[in-house]
Structures are given as C-alpha cells and as structure tokens.
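Engineer: Chain by chain, the residues:
2 protein chains.
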Amino acid sequence: MNIKNAEILCVGTEILIGDIVNTNAAYISERLARLGINQYYQAVVGDNPERLSDAIKGALERADLLIMSGGLGPTYDDLTKETAAACMGRKLVLNEEALERIKQRFAFRCKTMTGNNEKQAMIPEGSTVFQNDAGTAPGCAIEDFEKGKIIIMLPGPPFEMKKMFDESVMPYLQKFTDKRFVSINVNIFGMGESEVENILKDLMDSSLNPTVAPYCGNGEVRLRVTASGHDEEECRKMCLDMVDKIQKTEVGGYIYGFDTDLACTVVENYIKKGKTIATAESCTGGLIAKRITDVAGSSEMFGYGVVTYSNEAKIKLLSVKKKTLENYGAVSKETAAEMAEGVRNLSGADVGIATTGIAGPGGGSEEKPVGLVYLGISSEKGTRTVRLMLTSGRDRVRLLASTNALSEALKEIK
Amino acid sequence: MNIKNAEILCVGTEILIGDIVNTNAAYISERLARLGINQYYQAVVGDNPERLSDAIKGALERADLLIMSGGLGPTYDDLTKETAAACMGRKLVLNEEALERIKQRFAFRCKTMTGNNEKQAMIPEGSTVFQNDAGTAPGCAIEDFEKGKIIIMLPGPPFEMKKMFDESVMPYLQKFTDKRFVSINVNIFGMGESEVENILKDLMDSSLNPTVAPYCGNGEVRLRVTASGHDEEECRKMCLDMVDKIQKTEVGGYIYGFDTDLACTVVENYIKKGKTIATAESCTGGLIAKRITDVAGSSEMFGYGVVTYSNEAKIKLLSVKKKTLENYGAVSKETAAEMAEGVRNLSGADVGIATTGIAGPGGGSEEKPVGLVYLGISSEKGTRTVRLMLTSGRDRVRLLASTNALSEALKEIK
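Line by line, the protein sequences are chains A and B.
Mapping to my numbering: the first sequence position 271 is 308, numbers consecutive.
Mapping to my numbering: the second sequence position 365 is 402, numbers consecutive.
Treat the hints as calculated values from the structure; they're not laboratory data.
Here the structure is a predicted model, which is why all the values come from computation and not from measurement.
Treat the hints loosely; a few may be bogus.
Because identical chains cannot be distinguished in the list, a pair is counted as satisfied if it fits within a single copy or across any two copies.
Calculated lysine-lysine pairs in the DSSO-like style (CA-CA distance at most 27 Å, straight line) [claimed, not checked]:
hint, residue 1, residue 2
1, K353, K312
2, K200, K405
3, K238, K140
4, K358, K310
5, K310, K353
6, K309, K418
7, K418, K353
8, K94, K41
9, K310, K285
10, K184, K360
11, K359, K94
12, K360, K274
13, K216, K353
14, K405, K140
Given the sequences, and given the hints that come with them, work out the whole structure.
Structural biologist: As structure tokens, this is what we get:
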C-alpha cells in the first residue's frame, strides 16, 4: 500500500473551547510533509461519539491515512479507540505488554494505579501497537489493506505524542511511501515579508519544483524551499540551486542562516569563533538568556546573565551611574550603553548585550511611549546602542526586543 | 438572528505543512465559549480555491456562523475573501477607509507601499468592515440574515487577529447571542490528573450544570467549572457553589488559585505581602525570571535575577564556595542552597530561589542523570532544598523545574 494523502483529526473538547492550543497538529503535519504525504485538510472534534464517528468516516472517504490524537486517556469521556475501532469493524482487546508497562510506570513513581488506567491497555484487535515511553496510553494503527485505509491513534499530551511519533510512527509510515520531499528553510531578519516577496516574485512564480514559500513570525521571515522527487540527493541539489539564486538577489544580504533560528545561529557562531556573550536584561526580563539557553550546548559561549529589573540592581550589579539614571532615565541609550559595558566588565565576556525599555501596558509617557526599547552592545570594537519602536502588546514587545538583541549579538562578531 | 453554533476554518498551507502552530483557533474558540456559542468542529484548509470553497459550504451547512482566519494577505495565493464572497454570492468592492489606513501605515513606517497591498482594501459588497489597527488587512463579516448565516473573515497574523477580535468582533457577536456561559478555572499544583479525577469523579458525574472538566499541562492540573444560563450573576453563583464543594475535598489542599497561573499568583501574593524575590538560575537559564516578568507589574516584587550558567559566575556573583563546587559538584543540594543564599544576599530580597540541574540532552551521568534538578529556597525562615527527577526532554525539564520553583516560591511566603 502506498499512502498518498493523509488527514489529521485531533480529539478533545479542551481544544474546541480554547483551553489548549493544538500543537500536535503542527507537529504531525511537519512530519507528514517530510514523508511526502500530502495533507489538504485537518480537523478537530470533541469527545462526542456521533460527531467523532462522522468525522472519522468523512476523513476516510477523502484520505488514505487518518492520524488521530487525543482521547486515549483513562477517563470516561476518552472515546477515540472505541469509536475508531467501530468505524473499522474491530473490537477492543487487552494488550498485555501495554498493561505491564502501565503497572511498571505507576510502581516507578510510587503511585497507586487506579482502575481507569487499565482501560488504556485495551487496543483494537489486530492493530499494530506503539508502546508509550513517556506516559500510560499506548498508540496503535488499525490497517485495512483491502480498502487501502489506515487509522493511526496517538495520545494527546504533546510530549508523549512526539516521542511516539518520532520513534515508532515515522519508521512505520516510511514503509508506505516512496515519494521524498526535501526542504531547506532560508532564515531572514531585517527585511519585511512583502519586500522579500516583491524581490523574489518572478523566481517564486516561475518555479514549480522546487517551490518557494515565505512565512513570517517573531519579526523574522523564513523562506521554505521544497523540492519533491524519488531521490533525496537529487531533491537536495534542486533546493541548493534555488537557495543559490535567492542569495544572489537583494534578499541575500539579510539571510542569517538555513534550517535554524536566531538563537541557534547566535550560539553556533559564538562557539565557532570562540567568543562568549553576557546578557543584561531589563524589559526582556530573562527572555534573551532563556532563548540562548534553550539551545543545548550554549554553556560553551554563555556563562553570565543578569536581569536588572530595578534601578538599584542596574547600579549594584552593572555599575550603571546613578547620575545617568537621574539625567536620562532607565530607558535611555545612555543606560543601555552602561548596562552593556557593565555586564561585559562583570563577566569578562567578549560581548555584552543589554535591553532597557517599556514593555507596557503601563509605564509609558508621551516622551517615552510603550514599545520604546534601547539595546546596548559592547565589545572590543566599542559600545553602540540601537533604538527600537515596537508595537502590539507586552509579549510581542518583549519578544521582538529579544529577537533584535540576538540579531545585534550576531552582527557584533561577524 | 440568534447564533447557536459556530465553526472555525483557518486557511493556510503553512498550517498544513506544520510550519506554524494554529494559535488563532484556540483564541477564537475561547471567545466563542465565553459568548455561549457552541463549537463542535474546527478545520484547516490550504490556499486552494476548490477545497476552500468545499470547506466553506460544508461548514455553512452545519453552523450558523463561520469564522475564518488567514488568507487576507497581499500575496497572490491569499484567496479567502474572493472565495467566501463567491460562496455568499457577493462581489468585491474597494473600501476607501481601509485603503487610506493602509497608505497611512506605510507612511508612518517610512516604507513604500507595493501594488499588492492595495488588494487588501477590497471587501465583499455590503459587509460589515472591521478595521485593522495592528496590520494592513481589514477583516469583515458577510451576513445573510434570510438564510441565517454569517461568515466572519479575520487576518492570519495572531497579534492582528486578536486585537481585531477583542475590539470589534466581540461587540459585534454579542448582538447575536443571549445565552451566557461563566467559567471559573481552579488551579492545582502537586497532584496528578488521574488522582484529581478519582477524588472528584462523583461530583463531576452528578453535575451537568455547572460542568467540571480537568485539563493538565506544564505539570499543573486545571479544573474548569462552567455554568450556563441567561443571567451572568446566576451562572457565577452556580460556579462558586461548585468551587466550594471542590475545596472541601482532598483536592482543596492543592489549589493555589482561580483563573490565574502560577507566575501571576506568585507576583500577586508577593506584592500583597510586601515581599520581594530574587532568582539565581542555572539549568532554567532565565526562564523563571522570564515567567515572573511576563506578568505586568512584577517590578514591584522582582528587582534582581542572575543566570549563572558557568561555575565561575556562581562563585563570582553568588559567592558559591569553590570547595562546595569541587566536593559536591554544580548540580547538588549544597550548591543550590548556596546559590539561593547568595542571590538573597546580593539583592537584599526577602526570598532567594535557585535552580541547578541537568536539562540534557548531554551532561548526564549514572550518578547524576539528565532530569536531576535541585531547587534552593532561602528566606528569613532559613534555607532549604528540593530534589526533582524530571523527564521528557530538555524543554520540559526546564519548564517543570521553573514551575516547581515558582510553587516553592509561593509556599515560602504562605
């Protein structure tokens, strides 16, 4: 059997009432794209047997493969396995290995297993079982090769689902597909989406394989170059040729990396050049340090960060002058510069990077409105500041300030 | 017209290939629940006119209201307005106000408007327009009161969509609904979902209005108590009665707040008691400071944070003894205790909270495996440490460590 197209159906009232964000669909979608399995449609339904059954039947009419997540829990409203098994004409049977694993898991955590956890070890008859290394509910695939239909059921909690998908479902699905897609993401910072697209419009319009698609978010633009074919090496070469063309346009100067993100690029470049960085954060409150230390291995280039939210902390930890704060205020280019120099002196790092600004919602004035942020960057080259006017709320102001700071940190050692 | 049920249809190939997470659906869903508008189904389709048209028609067969987001951009593959207008038998006309706003936006940013941005000012004839204060694409509602159907179209970028939804769409929708839902979220930390549910099973089973539903994530459990009716005050009273019953069970001791999250609760309680906190983070790398400063107003209780990722930084900034690091290692209860005391001394804060651990993927050993984290908590009561064994990957270890640290910070001043 060759799977051409798939649909994703996530189950859970908590998604429909907006209590949780459906990150599972994004994760599964990305994997399907990598396998070259098309997806034209995805949906969410609640824990209602009739609507769930309708949604499953509808999806199986359109697609070869239906991947479901959620509703495998121990509670009475978890109905995915029962409903999917009924749609495929199967009954549920006890899976001994799954039961044993659930028992062990409870023993390891010194917790008592409740009766409803046993329900999780029930599996549609004859299905391929995916054991759960991160939680209690096993996943499974019900196959009907005669009709050319497969339903895969995965647990809802993202960390359980992801582990199961990568370790068990990816190898399982590779048996059912021969088309390969290769993508290269081109990471761009400092140029807007419309501008990027205007420059690349002809290139994008004239190329069907590979395709070039722009995405924006976090103040960055990403171009996804995707080639399809039967040979991975050939696809990769097609992508690289297209990337080469993009680099030769005006956009080229704004490309900071490929298949990466800004924090990873900063960490990699600092390590490569043997440089270290230290952070002094006011308005970003630890977000830059967090984004740097999100990257495994960052301890090689990052040893010190301070969050100086109060003036006192700026004076005490960073030796910002009291007079500077009095004359220019905490949100000023003068303070940003002294913070960057201060954290560099404190830590002995090659580069000191500082933020001070008004993230809002309160604290703004006519002269210094919400969204005003100064960055300070200090290195052996000297100290410089950058003034930003950011919009669209506290979270976004903080995020964009940290993104700009990372971009400046990268420029400083280029 | 009275809207009873709605569906959400998000448009964008970038969602189907997993390039972005569909946060818009969650945001809109939460608002619909608040308005008492049921949602049984939500979907995602790509920028393909046939499938988009099929999805719109299918949704309008089932629901009174269809809310769409995405595909209003300036680029050639943005087809939402054209397709939805065709489904409702309308043509597109130029909206002068929208065009004027787009022009002003470009002038303000000193950027050149490109021809494709003008396309964004085209709106289905006779529709209600929602101007965009955060971006270029206006939203709109096409109404067919005869058939009792409304399609609302919103921009895809989340910060544009959210602002438009709260400022324009919420007041618009309130005219079409009289049922009210009131929810209270009960926030629990320190007890697992299965355990919570076992204790509350009878209460949950026997109550249809209000309903009680458990959700878990970030290592926390949340119970959502929801009452429906025509009078908001009456609904609120029904919820409060149920909350009272829950508080009287064994679960009561693990409730830390209502309609809040752990970081907000920490900030509020510290401010209320006039206490301050300082953070000293190793494995969490700024995440605790970030979560505290996510909360507007946190500057009242948080002035100092340090990220001491290297041993040198632990010694220099926090006066951790070299001998302690040599004898017990950086990941030890002894180091955690000295870090907490050190940051309290450095900052003069009432409470010092510290983390040191192995987030992974590298750095683990048999004796100190990945996931081992020590928390240090220091206050006038003395200094104590907590040992955690966390699982499921770097991001989750860091997240759970920060959640546990916030919980300990809260306990320390209770």
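Engineer: Can you give the numbers of the hints that this structure goes against, from lowest to highest?
Structural biologist: 4, 10, 11, 12 and 13
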